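Undergrad: Sequence:
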Amino acid sequence: MTENVYSVSEINSFLKRLLDKEDTLRNVQVVGEISNFKRYPSGHAYFTLKDADAVLKCVMFRSRALGLRFEPRNGDTVIAVGRIAVYERDGVYQLYTDLLLQQGVGDLMQAYEMLKSKLLQEGLFDQERKQPLPVNPQRVGIITSPAGAAVRDIITVSRRRNPGVKLLLYPVQVQGENASAEIAAAIRFFNEKKLANVLIVGRGGGSIEDLWAFNEERTVRAVAGSCIPVVSAVGHETDFTLCDFAADQRAATPSQAAEMAVADIVSYRQRVRFLLERCRSLMAARLAGAQRTLEALASSWALRDPQRLLADKALRADGAYARLVQNMQRRAQQAQHALALQAARLDSMSPLAVLGRGYSVTQSRDYKLIGSVEQVQWGDELVTTVRDGQIISVVQQVEGR
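FYI, the numbering for the sequence shown is 0 to 400, going by numbering that gives the first Met the number 0.
No lab work stands behind these hints, which were simulated from the structure alone. No experiment lies behind these values; they were computed from the predicted model shown. Heads up, some of the hints might be wrong.
Label-pair restraints from in silico Cβ distances [said to hold, decoys possible]:
(1) LEU55 to LYS20: 18 to 26 Å
(2) VAL29 to VAL134: 20 to 28 Å
(3) LYS20 to ILE154: 55 to 63 Å
(4) MET348 to GLY388: 48 to 56 Å
(5) GLY74 to PRO40: 31 to 39 Å
(6) TYR86 to ALA146: 43 to 51 Å
(7) LYS37 to LEU17: 25 to 33 Å
(8) GLY74 to ILE154: 16 to 24 Å
(9) GLY74 to LEU17: 42 to 50 Å
Glycine included, every Cβ here is placed at the ideal spot set by N, Cα and C.
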């Protein structure tokens with residue numbers, strides 16, 4: 000008997016491991032009515048789900064509870080998404096809740112995720128296709144309900160930032176069966192008529208059902224296809240619609256959308272005044288610097304005695320001229336000496352010098368040099384040149400060696 004006895008901790012641990020292995024309980028959706036909902040100072044929320052026959056303990060830790068889009072109340076029918084596990088200390092099983100949706104929201108969230116995935120694959124949310132907002136738009140198109148607080152916020156902020164901006168309101172339904180068609184038609188109207196430089200499309204916050212018109216494919220495609228830059232201003236900071244992803248800019252609130260779309264004229268004027276004063280300061284500094292430079296130049300010796308500049312240059316020119324003359328004379332002497340040497344060489348090789356030593360040169364009457372007895376014959380007339388003249392003779396006899 001004692002071999003099968005377990006402690007309480009062992010039983011609870013065994014049951015925990017048993018439930019943890021069950022895949023179905025790792026991600027389960029449970030519908031029921033909230034009871035005993037309470038938030039603790041730690042941020043964790045504890046409640047029970049019940050129906051007509053049973054109750055289920057639930058816990059939602061702080062990190063998940065911060066993401067709640069509504070404040071759960073006792074009696075609300077909700078869908079809780081999470082995992083079933085055993086809390087070993089108390090020996091109870093409970094639903095560790097990751098997501099809490101109001102009844103009917105589950106189907107919407109599934110449709111939301113499916114359409115988001117489809118449009119994401121088509122590239123409608125790509126950052127590369129987004130247009131920059133104009134710096135100072137003159138006409139702002141507003142597509143929203145004329146009766147909501149959103150339009151009043153947009154008009155108030157826009158007028159405060161730029162009283163001269165033209166605001167064009169296209170009134171539409173922002174929730175209900177026809178809302179999506181009206182919003183898409185308004186975007187097409189502004190694009191066809193080219194009436195605005197930027198569009199603000201939005202409404203105030205609300206539940207996922209209230210915002211659903213901005214999650215419909217027709218609306219999202221109209222926003223993505225607009226040639227006019229679009230600022231999406233749907234809901235509050237925690238509410239994201241598919242139009243937010245498709246728009247060129249997303250604003251957390253309609254007021255923020257007006258701040259993004261409309262230039263702040265007061266800031267522009269302050270900036271212009273600052274730049275004007277800066278320009279004047281820089282110009283004054285430059286003029287003062289130029290004045291100091293002018294005064295320094297006017298008092299310089301170069302302007303008071305410009306001959307000093309020429310005197311230095313004249314001294315340099317005289318020195319250069321003297322060096323040039325010396326150089327030319329030296330080169331002329333070198334050339335004369337070289338010429339005398341060449342003349343002496345030529346003179347030593349001159350035929351006249353040979354004649355002066357007692358030699359003679361014999362030529363025929365046509366002044367061809369006679370260097371052999373074979374060049375003459377009896378009776379030829381010869382001209383013999385000696386140191387001091389010429390001798391004309393006739394050949395009487397030719398003898399060879």
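Undergrad: CB of LYS20 to CB of ILE154, is that within 55 to 63 Å?
TA: 60 Å, holds
Undergrad: Evaluate the given range 31 to 39 Å for the C-beta pair formed by GLY74 and PRO40.
TA: 24 Å, violated
Undergrad: Verify the CB-CB distance for VAL29 and VAL134 against the hinted window 20 to 28 Å.
TA: Since the Cβ atoms of VAL29 and VAL134 sit about 52 Å apart, the hinted range of 20 to 28 Å is violated.
Undergrad: Assuming the hint says 18 to 26 Å, is it satisfied by the Cβ distance from LEU55 to LYS20 or not?
TA: 20 Å, holds
Undergrad: Lying within 42 to 50 Å: is that true of the beta-carbon distance GLY74 to LEU17?
TA: 34 Å Cβ-Cβ, so the 42 to 50 Å window is violated.
Undergrad: Does 16 to 24 Å hold as the CB distance between GLY74 and ILE154, or does it fail?
TA: 39 Å, violated
Undergrad: Indicate whether the distance between the beta carbons of LYS37 and LEU17 respects the range 25 to 33 Å.
TA: 29 Å, holds
Undergrad: For the hint 43 to 51 Å, verify it against the beta carbon of TYR86 and that of ALA146.
TA: For TYR86 and ALA146 the Cβ distance comes to about 50 Å; the hint holds.
Undergrad: Can the suggested window of 48 to 56 Å be confirmed for the beta-carbon pair MET348 and GLY388?
TA: This hint is violated: roughly 22 Å between Cβ atoms.
Of the numbered hints listed earlier, those contradicted by the structure are 2, 4, 5, 8 and 9.
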